[in-house]
Amino acid sequence: MPKITFDKDTRAKLIGGLSDYLRTELDLEVKGFDAEFLLDFITERLGPYFYNQGLHDAQALYREKLEAISEAVYDIEQPVKPL
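Under our numbering, think of the first position of the sequence shown as 176, with each following residue one higher.
Careful, some of the hints might be misleading.
Using 27 Å as the maximum straight-line C-alpha spacing, the simulated DSSO-like pairs for lysine-lysine come out as follows [to be verified]: (1) Lys178 - Lys206; (2) Lys206 - Lys183; (3) Lys206 - Lys188; (4) Lys178 - Lys188.
Hint data in this document are derived by calculation from the structure and do not stem from the laboratory.
Let the hints inform the model, and build the full structure from the sequences given.
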């Protein structure tokens with residue numbers, strides 16, 4: 176599995192959102208390096224679970240669409256008469 180990384184802007188938004196959540200919901204002031212380290216921990220430890228779930232969801236959708244295509248192909252099959 177490739178390492179989960181974010182570009183600089185996305186990383187800043189995630190850190191800001193995490194800091195805001197902790198301050199608002201848990202009355203904790205976590206910012207700067209502490210917020211970055213927490214994001215790194217979440218990304219490294221929890222990220223693979225979310226990533227894998229996304230893959231499983233994509234596989235399920237792919238199977239569903241493939242089944243629909245297979246049915247559509249059978250629907251356009253022409254009847255044949257015995258020779």
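Taking the hints in turn, this is what the structure says about them:
| no. | hint | verdict |
| --- | --- | --- |
| 1 | Lys178 - Lys206 | holds, 24 Å |
| 2 | Lys206 - Lys183 | holds, 16 Å |
| 3 | Lys206 - Lys188 | holds, 12 Å |
| 4 | Lys178 - Lys188 | holds, 19 Å |
Against the hints set out earlier in the document, no violation occurs for any number.
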